[in-house]
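Novice: Residue numbers for the sequence shown follow the numbering used here, beginning at 1 and rising by one.
Rather than coming from a laboratory, the hints here were simulated on the basis of the structure. Where is the CB? At the ideal position from N, CA and C, for every residue including glycine. Worth double-checking, as some hints may not be accurate.
What the hints assert, rightly or not - Simulated DEER-style distance windows between Cβ atoms:
#1 98 x 118: 26 to 32 Å
#2 151 x 294: 18 to 24 Å
#3 66 x 98: 42 to 48 Å
#4 219 x 98: 21 to 27 Å
#5 140 x 186: 14 to 20 Å
#6 219 x 288: 29 to 35 Å
#7 74 x 98: 57 to 63 Å
To be verified - Derived pair list, reagent style SDA-like, types lysine to any residue, alpha-carbon separation capped at 20 Å:
#8 197 x 123
#9 248 x 149
#10 142 x 164
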Amino acid sequence: MTAAAEGSPAFGMTRARRNALLQSEPVQGFALISPTFLYALILLVLPILVVIAHSFWTQNYLTIDRTFTLENYRVALTEPIYRDLLWRSLYISLTVSFFTVVLAYPIAYFISFHGGRHKSLWLFLITIPFWTSYLLRVMSWKVILGYNGVLNSGLMGLGVIDEPSTALLYNSSAVIITLTHAWAAFAILPIFVSLEKVDRTLVEAAKDLGDGPIRSFLRVTLPLSAPGVISAALIVMIPTVGDYVTPKLVGGKDGVMIANAIQAQFGKASNWPLGAALSVTTMLIVTLIAGATVLILRAAQRLAR
Numbered sequence: 001m002t003a004a005a006e007g008s009p010a011f012g013m014t015r016a017r018r019n020a021l022l023q024s025e026p027v028q029g030f031a032l033i034s035p036t037f038l039y040a041l042i043l044l045v046l047p048i049l050v051v052i053a054h055s056f057w058t059q060n061y062l063t064i065d066r067t068f069t070l071e072n073y074r075v076a077l078t079e080p081i082y083r084d085l086l087w088r089s090l091y092i093s094l095t096v097s098f099f100t101v102v103l104a105y106p107i108a109y110f111i112s113f114h115g116g117r118h119k120s121l122w123l124f125l126i127t128i129p130f131w132t133s134y135l136l137r138v139m140s141w142k143v144i145l146g147y148n149g150v151l152n153s154g155l156m157g158l159g160v161i162d163e164p165s166t167a168l169l170y171n172s173s174a175v176i177i178t179l180t181h182a183w184a185a186f187a188i189l190p191i192f193v194s195l196e197k198v199d200r201t202l203v204e205a206a207k208d209l210g211d212g213p214i215r216s217f218l219r220v221t222l223p224l225s226a227p228g229v230i231s232a233a234l235i236v237m238i239p240t241v242g243d244y245v246t247p248k249l250v251g252g253k254d255g256v257m258i259a260n261a262i263q264a265q266f267g268k269a270s271n272w273p274l275g276a277a278l279s280v281t282t283m284l285i286v287t288l289i290a291g292a293t294v295l296i297l298r299a300a301q302r303l304a305r
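Please work from the sequences and hints to get the whole structure.
Specialist: Structure below.
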């Protein structure tokens, strides 16, 4: 009785321990497998699955033709839609360069010849618009030129028009206006630097010899500041050919430029070879135009002397 009583707890203890071990082994095994083994398995299997999927996709859907061809360049130069977009881009770029230089030159001339000790302040004020994002400046012009925008409201308030005009936005004119404002400071600064280098004694000598303000400007100041004018024109012309944000926001279908077509080829169309051909073609044409512009302006500078 005593032995049985003493052995019962031992027997019961062993049985309880055995049940506890049987119940805990799966849990411990799962705990060992869950965080470590599964992560390692995923990291090992996932790259293999990606490689297999990529190989399957390439072999069945993305057949890459590596044969050398000039077909994309032929399409870029002869396809009417791309040719028209390229000519429109060049027209907008040259027009923006012209108006930007025409508007920037008087400002730079005033700062250089009449700014006095406040030249630094004037230059500081010119850079204030660049404190804001380029995208915000474009959106502000969209508000100004919009159907219910500032310009239409002002014209209606003055009695110039009876109803808002739809011709102010979503066309090439809106793109030209927006780009002219956006790049004005880039034209003012090189022209100002060029005007600062003009020898003032030459201007005074021209006046002493009988030249009026206009004649002395045309014969002395303008030819000597021609390098700044050339630099300003090129600084504005080259980037505006490839601008696609402004035409997309304020250009509409009549203001689309070649950069929008290039972006479409690299994006939705997934035709990278044609997009690259359009990019190279545009770059070469802009290079030729820039070189011709420099030669023409230098020749005009020599004739003016």
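Novice: Under the constraints set out in the numbered hints, which ones does this structure not fulfil?
Specialist: 2 and 7
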